[in-house]
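Chain order of the listed sequences is Y and G. Take 1 as the starting number for the first sequence in our numbering and just add one per residue. Take 1 as the starting number for the second sequence in our numbering and just add one per residue.
One should not assume that every hint holds.
To be verified - Okay, the calculated beta carbon distance ranges per label pair: (1) Y:Asp157 to G:Pro84: 56 to 66 Å; (2) G:Ser250 to Y:Ala127: 34 to 44 Å; (3) Y:Pro225 to G:Gly258: 28 to 38 Å; (4) Y:Gly144 to G:Phe139: 39 to 49 Å.
No wet-lab data here; the hints were simulated from the structure. Note that beta-carbon positions come from the ideal geometry of N, C-alpha and C, so glycine has one too.
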Amino acid sequence: MRGRPAALSLALFLAAVCAGCDAGPPPLATGPPIPAPGQPIVYAALGASETSGGGLNDVALRERYAWPQLFFNAALPRAATYYNFAVPGITTEAALQDEVPGALAVHPTVVTVFFNIDDLVDGVSPAAFGTNLDNIVHALRQGGRARVLVGNAPAIDNLPALQACRGVNFEGVSCPLPPGVTIPPQAVIDAAVSAYDAAIAGLVAHEGATLVDLRAHSDELTAHPEDVAPDGLHPSPLGDQVIAKLFTAAYRASPSG
Amino acid sequence: MSWRDGIALALRSIMRRPARTVLTILAVALGSGLLVALVAIAQVADTQVIGQLGKGGPTSAITVVPAAATQAQLGSDSAQSGQPDPITPEIVSTIRRAPAVSSIQTVISQAVIVVPPPLGLSIPNFLGDDPDRGLPRTFFDNLVGVDLSSASQLPITLLSGRLPTPGSASEVVVTAAYLDHLGVDVKHPEKVLGTVLEIGAPQVVDATNGTVRSRWTRAAITGVVAQNAGNGNILASQELASADRAWQLSGVDGAGIGLPLPASPYAGLIVVADSLGDVHQVRAEITTLGFANSAPEHLVASTQRYLHVVDIVLGAIGTIALVIAVLGIANALLAAVRERRREIGILKAIGARDGDILRWFLTEAFICGGIGGILGTAFGLAAVTLTAQVVDTYLVGQGLGSVSLGGVPVLVALIGVLGSVLLSLLAAAWPALRAARLPAREAVGAL
Chain Y
1 MRGRPAALSL ALFLAAVCAG CDAGPPPLAT GPPIPAPGQP IVYAALGASE
51 TSGGGLNDVA LRERYAWPQL FFNAALPRAA TYYNFAVPGI TTEAALQDEV
101 PGALAVHPTV VTVFFNIDDL VDGVSPAAFG TNLDNIVHAL RQGGRARVLV
151 GNAPAIDNLP ALQACRGVNF EGVSCPLPPG VTIPPQAVID AAVSAYDAAI
201 AGLVAHEGAT LVDLRAHSDE LTAHPEDVAP DGLHPSPLGD QVIAKLFTAA
251 YRASPSG
Chain G
1 MSWRDGIALA LRSIMRRPAR TVLTILAVAL GSGLLVALVA IAQVADTQVI
51 GQLGKGGPTS AITVVPAAAT QAQLGSDSAQ SGQPDPITPE IVSTIRRAPA
101 VSSIQTVISQ AVIVVPPPLG LSIPNFLGDD PDRGLPRTFF DNLVGVDLSS
151 ASQLPITLLS GRLPTPGSAS EVVVTAAYLD HLGVDVKHPE KVLGTVLEIG
201 APQVVDATNG TVRSRWTRAA ITGVVAQNAG NGNILASQEL ASADRAWQLS
251 GVDGAGIGLP LPASPYAGLI VVADSLGDVH QVRAEITTLG FANSAPEHLV
301 ASTQRYLHVV DIVLGAIGTI ALVIAVLGIA NALLAAVRER RREIGILKAI
351 GARDGDILRW FLTEAFICGG IGGILGTAFG LAAVTLTAQV VDTYLVGQGL
401 GSVSLGGVPV LVALIGVLGS VLLSLLAAAW PALRAARLPA REAVGAL
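In isolation and in its complexed conformation, chain Y is listed as follows (with noise of 0.2 Å):
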């Protein structure tokens, strides 16, 4: 009996010892778990300046505010690819060459499409930019293959720069407008955008399209300074944020959005 508590405390030292064997390194360290990546879904954006970031200066703020990357990170899932084809100061005609086809090239499932400031600019008519986008937003559907969400033009007579263009005096904002070219009346800009307006409506409702109401919050769009950048035309950050919201709002709320 005597040598039990001996052969007990050997077991025991000998099992504790296995088991520190066995136990071998520690377990590397884990955050969170990580979410499902989702559907693979394919983004391309389409449009001028607004669309590039265009009132952003920083390079490193553009990749991080322009508004497609805000929709594409807010509205879509973590495995999306996203392509931004936009280029500033393109018009609907000069797209046709130069965005879609790369755009196409992608396959991309979903499209964002947003031009009408260059082609106000430039003096497209409205029918022009009508079967302009038309065309743009038709081939983009790739016969319903893919979701286009189209922008509308909000109105855009309480934007600095065009005031400024009136003699309206804004800090470090100047007229866009080329010497020369004088600004036309603001009921021929307000008729103007709205017959652009009424184009995309139309063409939005021939295509299949999804329209994204930017003209319905004009106010929140151009009418608060902190929306507009410091060139008083395009969006800042803050103004990015609200096109964002709108498309991911339009998107969420479209057929399997």
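Put chain G on the given structure of chain Y with help from the hints.
Positioned in the frame of chain Y, the structure of chain G alone reads:
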């Protein structure tokens, strides 16, 4: 006298002098424990040191770079690079067919824009375009694409988390430099695990006016690594890097704005030789093909020589301890022989043979050596395990790779126990023989 009688007699003798027995067993245990601990530590150290030279991959791995080799290549462990020379799929096939090549991994390196979190509408405080608002800034880096299903063949050491799922386009791992960029303490890599970053592959549309458009993907960070597979701080699947690369190649050359088209299909190769001994031959073949390459060939050889010296020193220290223990056994048994002369004489007088007496003392030595060997080996392994855990905790705390025993060194444990028994028997041989040859009359008469 039967074996059973011999064992019973030995056990009775052991129990009669418990203090001496315990001290003898402890001497053997200490000696064998020290030897086992030193040999096991030497083994782990050898494995870890040589393994470190492979930087997480096989020690027989050779890194091939897309540049011509200079004359000095074979005499140096590092790549002696001349003019850039693209590594084509044909070159890869040629190397794959070379003798003594075990495996070959291609590495793609792609220039990307990295946008760290927070992303999208979750960005706090949209307060204008002040770039110094405290958010981590976007930066240019290289995305290193590898075949993640063969990660064990690559110089990658996982420091935290896990590697991305092979083939995944939405998972990446990052290096400590990424943590530095975000101002995250390298001792807390878990802070970036599970976060999502944006990766933009730039395509130059018009080099004259600097028009660039990017292919953007998002990826969750699954781990933090130290890696020497390629030059970059974001490691991902080859599928993601290839898609980004194809996007850049469909644009124009942007060398003038810092975005040149990559000239080589592969940024490098990791060629694994069949064994360490084959590394020189494979390097010679790669050098003959004209490509600069690197491998810790000479460093491994010299390190092995140093480690061998360390092994000898540690083994000698352990052996001295064991010899001292053995002398203790011999001393204890010599004392026992002197004490038991009367018993030896009586046993011989009633017919016990020399062999029976020999068996008695050798059995006693066997029991002491066996128990001491088992206890000592267990103690030695426990000491090594504890040491490994302390070292591991320290290394992980410093943001370095972990160290592992790699399981119980069974061979060392066996040698520890059997060696103790064998040496105890050898130590007991002389006292046992002396006892066995003691004439019965002399033994009894001595009383």
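These are the hints, each one checked on the structure:
no.	hint	result
1	Y:Asp157 to G:Pro84: 56 to 66 Å	57 Å, holds
2	G:Ser250 to Y:Ala127: 34 to 44 Å	35 Å, holds
3	Y:Pro225 to G:Gly258: 28 to 38 Å	36 Å, holds
4	Y:Gly144 to G:Phe139: 39 to 49 Å	40 Å, holds
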